[in-house]
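These protein sequence lines map, in sequence, to chains E and L. Each residue of the first sequence is one higher than the last, beginning at -5 in my numbering. Each residue of the second sequence is one higher than the last, beginning at 11 in my numbering.
Since the hints were made in silico from the structure, they are not lab data. Hints should not be assumed to be uniformly reliable.
To be verified - With a cut-off of at most 27 Å between alpha-carbon atoms, the simulated DSSO-like pairs for lysine-lysine come out as follows:
| no. | chain 1 | residue 1 | chain 2 | residue 2 |
| --- | --- | --- | --- | --- |
| 1 | E | K144 | E | K198 |
| 2 | E | K291 | E | K193 |
| 3 | E | K193 | E | K290 |
| 4 | L | K239 | E | K291 |
| 5 | L | K26 | E | K193 |
| 6 | L | K239 | E | K290 |
| 7 | E | K144 | E | K65 |
| 8 | E | K198 | E | K291 |
| 9 | E | K144 | L | K26 |
| 10 | E | K65 | E | K269 |
The model shown is predicted, which means the values in this text are computed figures rather than measured ones.
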Amino acid sequence: MIGVSTKNAASGDAISNKNQSAKDRKSTERVVHVRVLRQDGPGQASYWERHEIPYELNMNVISILQRIAQKSCTQDGRPVPPVAWDCNCLEEVCGSCTMVVNGRTRMACTSLVDALLVEDAQEIELRPMSKFPVVRDLVVDRRRVFHALKRVQAWIPIDGSFDQGPGPRISPDEQQDAYPLSTCMSCGCCLEACPQYTKIEIVKRPEETVEELGIRREAAFHREFMGAHAISQAMLFNNHPTGRMNAEERLSSLTSQGGIQMCGNAQNCVAVCPKSIPLTRSIARAGRAATVWAIKKLFDR
Amino acid sequence: MAASTEQSQGSSFLGKHQFLVYRLFSLSGFIPVGAFVVVHLATNASILAGPEAFQSRVDMIHGLGPLLPIVEWLFIFLPMIFHASIGFVIISGGLPNVGSYPYVGNVRYTLQRATGMIAFAFILWHIIQLHWMGAALGGGAFDPHRASSSAATAIAPMLVGILYAIGIVSVVFHFSNGLWTLGITWGLWTSSAAMQRASWACLVIGLTLGTLGLGALVAMRAVDVEQAKSIEERMEQMHRDNSVEKTFLPTSKQGA
Ligand code: SF4
Ligand code: SF4
Ligand code: FES
């Protein structure tokens, strides 16, 4: 295996420069070098920090962060507060641990160190997502992800708590079609990689109340691109026999400002989605539904 | 929260009608702008059959007489201006990231924007250089009665030839790749298999148009200007002889 500094020196001249410095550190135990882009709070300047932690078998990025927290000092021995991060399920279902690892957006919990060192043997680079405001270090404010789900009504409304009897039957084919879409965990990878999705960071004005700030933020979210995940969820519910009852409302959202028309068909979303959700299929289906709906609206008016 | 379908307050005109405007943008790239490009490249390719064939195509088009500028503005210039303006709005809103995500789709996304801008610059220059409207700016070199010889003279310099080749390739890529994204936007191809097939089809269209365009460029630059002039003079003479009955044929003042 490559990727451990003690072994690197043996791997030839081609990459000898960097290997040399690794060798100079004379580490006898296998260490992993980590570079983290830190930020102390919202709106503050970010800075890079290097950490060095002992290699362990089957590590993932979360365990790296745990070791960094344990040590709480940088590579050159300076004590620092532990790096903050988000995680929850540790099995790629909650979607909370998204970060930019070695330049690519992905889930920290399923980013295995051995695989990362194959990508880059020298070091592992951790950055917060760039499309969301940083709260602290690797923690970002992802409320826009959920706002988009509200926009497209990514749910099925129920009108009461009484038993409404069994719902309509769904054919196995439809189930097969819908299941992948239902695995979306709102991680936001699709948004981070999307060239059409740009960051919105609303800074509180001194004279503004928290409520006014919230209204201003929602308005901004409403104007900008909702993102591939929301389009896909809208299609999930629009193709569900009960969800279909609100299909018009969802189509109306999908074609409002910041809707599907903002997609530029770069198809990064589908390439980076950790759940391999066929997002571009959803986007094209939404496009088709919008086409039909727009024409119908034109003639039914 | 109000109904989630509700529009936010204070959005711009473009914001309120974003869906419609972007769909019209998408459509305009195909019809009429794209359709015109195809016709234009095909017309130019007639030079491959010699100056006579090209001249007769040009005569046909200019046979529209006073209607020609109306057709030009309605079906070519105005839709192009619309497509280009919205295109710049779209480009300014995006944040290309091929460096971090070097996927084929993303490369195409970035190239679509790059070729769009090259195509815009090229078309602007091309119009100024050859169209009569460009005369005021020192261009307007194309003479409809001396189609091949005037065009060949204008694009004879090596640098012009190279820039034309870049322009043509950009326009053709932008059109054929745009055709593919148009199919996704409007929902013509939705599954990834269908998108893949459509992608091949668009590639074939692109290669065909590219061959036509570059072929015409090479053939036009290879035209023997003196020989072409004599052919064109003969053809114009023939038309004059006929124009007593056929008044719709081009009058010579248009060439000025
Ligand atoms: S669609 Fe995929 S990448 Fe996007 S939020 Fe859902 S799971 Fe994450
Ligand atoms: S296909 Fe659309 S939503 Fe997906 S990454 Fe590209 S622009 Fe973004
Ligand atoms: S911790 Fe839940 S997805 Fe990584």
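Structure-based check of each hint:
1. A hinted pair counts as satisfied when its Cα atoms are at most 27 Å apart, and E:K144 with E:K198 qualifies at roughly 23 Å.
2. About 33 Å separates the Cα atoms of E:K291 and E:K193, which puts this hinted pair outside 27 Å; it is violated.
3. A distance of roughly 35 Å separates the Cα atoms of E:K193 and E:K290; the hinted pair therefore is violated under the 27 Å criterion.
4. Taken as a hint, the L:K239 and E:K291 pair is broken in the structure, with Cα atoms around 57 Å apart against an allowance of 27 Å.
5. Distance check on the hinted pair: L:K26 and E:K193 sit about 21 Å apart at the alpha-carbon level, within 27 Å; holds.
6. The straight-line distance between the Cα atoms of L:K239 and E:K290 is roughly 56 Å, outside the 27 Å bound, and the hint therefore fails.
7. About 41 Å separates the Cα atoms of E:K144 and E:K65, which puts this hinted pair outside 27 Å; it is violated.
8. Among the hinted pairs, E:K198 with E:K291 is inconsistent with the structure: their alpha-carbon atoms are about 40 Å apart, more than 27 Å.
9. A threshold of 27 Å between alpha carbons decides the hint, and for E:K144 with L:K26 the separation of about 19 Å falls inside it, so the pair holds.
10. With a CA separation close to 33 Å, the supplied pair E:K65 and E:K269 exceeds the 27 Å bound.
In the structure shown, a violation is registered for the earlier hints numbered 2, 3, 4, 6, 7, 8, 10, in ascending order.
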